[in-house]
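Asker: Chains as they are written, first to last, in my numbering: chain A, 1 to 501; chain B, 502 to 977.
Because the hints were derived from the structure by calculation, they are not lab data.
Any given hint could turn out to be false.
What the hints assert, rightly or not - DEER-style ranges, computed between Cβ atoms: (1) B/Asp663 x A/Leu122: 26 to 36 Å; (2) A/Glu426 x B/Pro842: 58 to 68 Å; (3) B/Lys526 x A/Gly237: 52 to 62 Å; (4) B/Lys710 x A/Glu32: 52 to 62 Å.
What the hints assert, rightly or not - Partner residues are not named here, just some residues of chain B that face chain A (Cβ under 10 Å, in silico): (5) Lys577; (6) Cys589; (7) Phe643; (8) Glu654; (9) Arg688; (10) Gly689; (11) Arg737; (12) Glu785; (13) Gly789; (14) Ile923; (15) Asp952; (16) Arg974.
Don't be surprised by glycine CBs; every beta carbon is placed ideally from N, CA and C.
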Amino acid sequence: MKIKDHMELFQNREYQEMFEKKKEFEKPCSVEEVERVKEWTKTEEYKKKNFAREALVINPAKACQPLGAVLCALGFEKTLPFVHGSQGCAAYFRSHLSRHFKEPVAAVSTSMTEDAAVFGGLNNMLEGFENAYALYRPEMFAVCTTCMAEVIGDDLGAFIRHSKDKGKIPSELPTPFAHTPSFVGSHINGYDNMLKAILAYFTDKGSTNNESINIIMGFDTYTGNIREIKRLLQLMGVSYRVLSDISDVLDSPNVGEYIMYPGGTPLEELKRAVNARATVALQKFSTEKTGEFIREEWGQEFIAGPMPIGIENTDRFLEEISRLTGKKVPEEIEAERGRAVDAMVDSHPYVHGKRFALVGDPDLLLGLIGFLLEMGGEPVHILCSNGDKHFEEEANILLSSSYYGRNGKVYINRDMWHLRSLLFTEPVDLLIGNSYTKFLWKDTGTPFVRIGFPIFDRHHLHRYSIVGYQGVINLVNWIVNTVLDEMDRASVNTQSFDVIR
Amino acid sequence: MKSIIEKTQRLIDEVLEVYPEKTRKLRAKHIKPNDPTGECGSACQVRSNVKSRPGVMTIRGCAYAGSKGVVWGPIKDVVHISHGPVGCGQYSWWSRRNYYNGLTGIDSFVTMHITSDFQEKDIVFGGDRKLEQLCREVKELFPLAKGITIQSECPVGLIGDDIEAVAKKMTEELGIPVVPVRCEGFRGVSQSLGHHIANDSIRDYILGKASVEKSSPYDVALIGDYNIGGDAWATRKILEEMGLRVIAHWTGDGTLRELALTPRAKLNLIHCYRSMNYICRHMEERYGIPWVEYNFFGPTKIYQSIRKIASFFDDYIKERAEAVIAKYKPWMDRVIEQYRPRLEGKTVMLYVGGLRPRHVVGAYEDLGMKVVATGYEFGHKDDYQRTYPELEEGTLIYDDATPYELEEFTKRLKPDLVGSGIKEKYAYHKMGVPFRQMHSWDYSGPYHGFDGFPVFARDMDMTVNNPTWRLIRRKS
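Bound conformation, chain A alone (with noise of 0.2 Å):
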C-alpha cells in the first residue's frame, strides 16, 4: 500500500484545490501585489531600509546566555545544570540541545512563578535543591540564571548558603553559579561566565604543580572536535584535562540504559587544573573572562584562539602546544598534515575565486575565514549577529592578511534579514551557517553548506570533527562536494555534464 505523508500528499490536485477555495476566507494580498513586494525585497532600496532599522530585530544567528551555561556545565562530571527562574526557559534550552545533539539533556529549574517575582526566587531554590538532589543525586549543581531572576535581582550567593545551612544539600556539595542574564551578550558569555565560576569554585592552590596543560574548547557544539583534539594530544604524548568536555555527555553510546551523567571532566581532575602548566582556549571570545581569571587569579599563561580550523590555525595550534610541554609533533601527525593539504590541492579548482556568506560565532568565523584564504575562497559576506568591535577588528586584519579576503566585510551585531539584503544585491556562490540558514537557501538559492549551531536539520554532523588536519578534510568533503552537486544540478540539462570532475 502506498502512504503517501505530508511530503507528497498535499501537492495531490485535491489539496491544491481545497488551498485555492480556502483564499475565500484569507483574502489574500493579491497575486500581483505579492510578486511587486517580492521583487522590492530584492532590491538596493530595500536593502537601504533594511539596514536602517535601529529596533527590529529579524532572525538572529546567536541565542541567550543560559543556553551556553546549560552547555558548559553538562561537559562536568555527575553535574547537573540548575537553571534559576522561570521553568519554559529550562525547557527550551533542554530541548534545544537535544534537538542538535540528538542526545537526552538534564537541566532543572526553580520554576518561579508570579509569587517568586514579587517575593523573590529563595523558596524555590531551596525545595529546588532538596527536588534535585533527592530525584538526581548530581555531585555538582552548576546554577545559572533566566531573566527573570536577573530582573528581580535575586541573590544567587546568599540563596545557595542559605540552601546549604538549612540542609536542603550537602554543605560539601560543590555549586558553582553564574549570573548569566540574557539581555547582556549570547550564548558564548554565558558559557563563558559558567566556566569562570566552576574554575573559581575549585581553585586550591594547595595542591602541588603538575606539568600538564588545561584545554578549553569554548561554546563548541561538535562533539567530534573534543574527540580530535584529545586524539591529537593523545598522539604527542601530552597531559592534559580538557575543562568541560561534552563529548561522551552529548555523544554518548546506547548500552540499553539511560545514564543521565555519562561523561564529563572529572572533578578530582578539575581540582587540578590550577596548577597546570598553561591552559589552551580553542576560543577566544566565548572565553573572554575565564582567560582573564586564569591569568590573574591563578597565574597561569593562558592562550587562546584562534580555533585550530584550517591549516595554519592547527599548525599554530600544535606548535604552542609544543612549547608548551616540550613534546614533538610526531610523524604520524605530520603525515595527516600532508593528507589535508593534498586534499585541498586536489580541490582547490571548486573552491578558488569562489564568493562566500558566512554566518556564526566569533571564533568559528574566524576559523572558517581562515580556512577558506587558505584555499583562495573568497569570504565576502560575513554575519556575525553576537559578534563586538574586537571580532570585527580581528576579522578585519584577518581579511586584509590575503588576496582573497580583498571584497570581505563583516556585520556585526546584524541578522539573517541582512544577509538576504546583502545576497540579492551582491549575490555569492556558496552559503556557510546553521540550520535556520536554509531559509536564506530557499529564497536566494545559494548553495548551502552547514556548519555551525544549531545544525537540527541534518543528522551527525556534529560528530564530525572541523578542527585539526581531519577537521580540514572533512571541510573540504562538505564544501567542495555541495560545489560538485551544485555543478551536477546546473548541468542536467547541458553538456557540461560531467562524470569525472
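Knowing the structure of chain A, use the given hints to seat chain B on it.
Answerer: Leaving out everything else, chain B in the frame of chain A:
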C-alpha cells in the same frame, strides 16, 4: 478499592518513595490509577493545573510558549514579535511545524524569528519606545503584514512596560491591528495560561471585526487544530466532503481575517479542547454559537465524530456524512488489515499535552494496541474527567510527570512504545524503548483524518518493529 486499582497504586507508591516527604505528598495527588466508573471516588481523581515543584525537571513550558508557540504563532499573515531578550524566540523558532501556504517574508511570517532583542538598557530604561520604533519598522519592511502581535517575555511584565498603550498608539498610526499579549513566562503554572491569555487577546482585539460575504447554513469554524504536518488540511478535506463550509482555521494555516469572521459560524468544531475551549465558550455566550468536541485520530473516532458533527445539521449533511464514511471505510479497513497484525497486543505509554493523552487512545486501539499509561503536561480537571472513560480500569494516569517518574514507570510497565516529546525522546532511545514524538509527529504527519491515519499506522509500525532496537547490546 478494587485489586487492579490497588496494584497500580502500589506501583505509584513505590516510585514516589525517593522524593522528599513534602514533594512526595504533593506528587502523589497527581498520579492515580484510572477509575472509569467513579466508584473509587476522590482517591482516583488526578490533581492538576497547579505549580510544578522546583527542581524536579518538569517537562512543562511557559505562558509565552502557549501564546506565541501554540495559539498565535501559526496565524500566518501577522508579524509576531517576541518582545524581550533573544532566547525565547530563538528556541521556539519553527519548532512546531504549523504548516501554511504563503510566501514567507512577504505575505506570511510563520517561520521567522522576529524579536526586540532586549539589551541591558531596555531593562533599565524600559522597552516601550523601542517597541514603537520596532512596529514602524515592521510596517516599513513588511508592508503586506495584516497585523502585529506583541508576545511578552518575562522582563516586560517585571519592568512595568505599558505595551497596551504602545499597541493602541501603533494601531492608530499604522492602520493595522497591533495586539498586546501579556504572556510573560512567569505567569501561571505552564503553557496553559498562555493559551488562555492568547484566546482572550484574540477575543478583545480581533474577534467579530470581519464578516463573510454571504452566509451559508453550513458554515463551521475549525478550532484547536494547529496544522502540524498538515493535520488541519486533512481535517478540512473531510468537513468539505461532508458539505460543510469551513470559514476559519484556529490557528494552523490561519489568517487574521479568519479569526475575525469566526462569529459567523453556525457551529464551532473543537479538536484541542485544552487550548481553545475559552474562545468557544465566549462565542457561545456572546453569539449563541454551539460548539462540539470531536476526535479525528483513527477511523473509529473519526466515524463517530463525523456523525456527531452531522447531527447538528439537516439530512443533507447527515446523508453526505454517511457517504463520506462509506467512501473511506474500505481504505481504512485495508490500512488496519496491513498494520494490525504487526502491532496487535503492543502496549503504549503516553505523556503529552493538549488533547493527545486521550485523543490518540482510539487510534492505537484501531491498530490493536493498548494504552497502559497516559498523562498531561498541562491538563486541567476537565481534561482528566474526559480521560477516565477512555481507558481501562487501573491504567496509570500522571499529571506533570517528571523524567524520574517516567523512567521508573517505564522500567516497571515495560511498554512496547512510548509517545512523548523531544526532551524525552533520546532518553528512551538510550533505554532501547521504541519512541515517537507525539507533539511534532516526529517530523512526519499528518495524523488527523482519513489521510492521516495511514501515516500514523505506518509510523507506529516503523518505530515498534524497526530492527535497530535489536542491535542494542545491553550492559546488564
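Asker: Let me make sure I understand: some of the numbered hints might not hold for this structure. Which ones are they, in numerical order?
Answerer: 4, 12, 13
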